[in-house]
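Trainee: Sequences and hints are given; from them, build the entire structure.
Protein chains: 2
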Amino acid sequence: MSDIKKTRTTVDIYGQQYTIVGPESASHVRLVASLVDDKMREISSLNPNLDTNKLAVLTAVNAVNDYLKVKDRIERLESEIQRLKE
Amino acid sequence: MSDIKKTRTTVDIYGQQYTIVGPESASHVRLVASLVDDKMREISSLNPNLDTNKLAVLTAVNAVNDYLKVKDRIERLESEIQRLKE
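Line by line, the protein sequences give chains A and B.
Note that the working numbering has the first sequence beginning at 11, numbered continuously upward.
Note that the working numbering has the second sequence beginning at 11, numbered continuously upward.
Please note that a few of the clues may not be correct.
What the hints assert, rightly or not - The list that follows gives simulated cross-link-like pairs (lysine to aspartate or glutamate, EDC-like), each with its CA atoms no further than 20 Å apart:
1) A:K79 <-> A:D61
2) B:K81 <-> A:E88
3) B:K79 <-> A:D48
Unchecked claim - What follows is a list of derived Cβ distance ranges for each label pair:
4) B:D61 <-> A:S37: 44 to 52 Å
5) B:S55 <-> A:E90: 26 to 34 Å
6) A:R83 <-> B:N59: 33 to 41 Å
7) A:K15 <-> B:L56: 13 to 21 Å
8) B:S54 <-> A:E90: 26 to 34 Å
9) A:N59 <-> B:P58: 38 to 46 Å
10) B:A36 <-> A:R18: 38 to 46 Å
11) A:N57 <-> B:K15: 32 to 40 Å
12) B:R86 <-> A:P58: 23 to 31 Å
13) B:L56 <-> A:E90: 31 to 39 Å
14) B:R86 <-> A:G32: 20 to 28 Å
As the list claims (entries may be wrong) - The following residues of chain B were derived to be distant from chain A, with all beta-carbon distances above 10 Å:
15) T17
16) A36
17) S37
18) S54
19) K64
20) R83
Quick caveat, the hints were computed from the structure, so don't treat them as lab data.
Positions of the beta carbon are idealized from the N, C-alpha and C atoms, including for glycine.
Mentor: This is the structure we're talking about:
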């Protein structure tokens with residue numbers, strides 16, 4: 011059993027409903043869902059022949075790629091802070 | 011026409027092949043694909059009744075959520091650097 015308060019939020023992504031359970035606020039979950047929906051529509055417009063399944067996987071690939079890029083940037087910023095503090 | 015060199019990399023994600031075209035190196039694309047594959051398997055083990063399509067969308071939701079978290083952290087680190095430089 012966990013003491014962390016969890017919210018259940020139902021969102022619509024690419025015409026399908028999902029109930030997301032987690033510690034994030036409903037408004038945060040809706041923001042994430044709308045970003046995923048936007049990205050799926052963008053990838054779909056560039057590749058009109060993709061089925062929904064491949065489209066969703068490529069959206070995940072895209073998001074993980076963005077994540078790794080910003081994570082790299084964090085490492086550089088942390089080094090800079092370390093240097094400024096010395 | 012663009013001068014940016016693009017590579018074509020074929021990867022396997024959750025039993026399906028994808029050819030990813032982009033400026034990233036083949037090794038980077040393979041890393042991203044293996045992270046997406048791992049995340050799909052993790053979400054699938056927690057929700058064994060999900061179909062692949064929903065699983066892929068939830069993986070994208072997860073990745074975008076992680077992306078927003080690290081992006082927030084970047085903003086905080088940048089403010090700290092600004093403060094240290096003053």
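Trainee: Against each hint, give a clear statement of whether it holds in the structure.
Mentor: For each hint, the structure was consulted:
no.	hint	result
1	A:K79 <-> A:D61	27 Å, violated
2	B:K81 <-> A:E88	14 Å, holds
3	B:K79 <-> A:D48	19 Å, holds
4	B:D61 <-> A:S37: 44 to 52 Å	28 Å, violated
5	B:S55 <-> A:E90: 26 to 34 Å	39 Å, violated
6	A:R83 <-> B:N59: 33 to 41 Å	38 Å, holds
7	A:K15 <-> B:L56: 13 to 21 Å	20 Å, holds
8	B:S54 <-> A:E90: 26 to 34 Å	39 Å, violated
9	A:N59 <-> B:P58: 38 to 46 Å	31 Å, violated
10	B:A36 <-> A:R18: 38 to 46 Å	41 Å, holds
11	A:N57 <-> B:K15: 32 to 40 Å	21 Å, violated
12	B:R86 <-> A:P58: 23 to 31 Å	40 Å, violated
13	B:L56 <-> A:E90: 31 to 39 Å	38 Å, holds
14	B:R86 <-> A:G32: 20 to 28 Å	22 Å, holds
15	T17	13 Å, holds
16	A36	14 Å, holds
17	S37	12 Å, holds
18	S54	13 Å, holds
19	K64	7 Å, violated
20	R83	6 Å, violated
This entry does not satisfy hints 1, 4, 5, 8, 9, 11, 12, 19, 20, going by the numbered hints stated previously.
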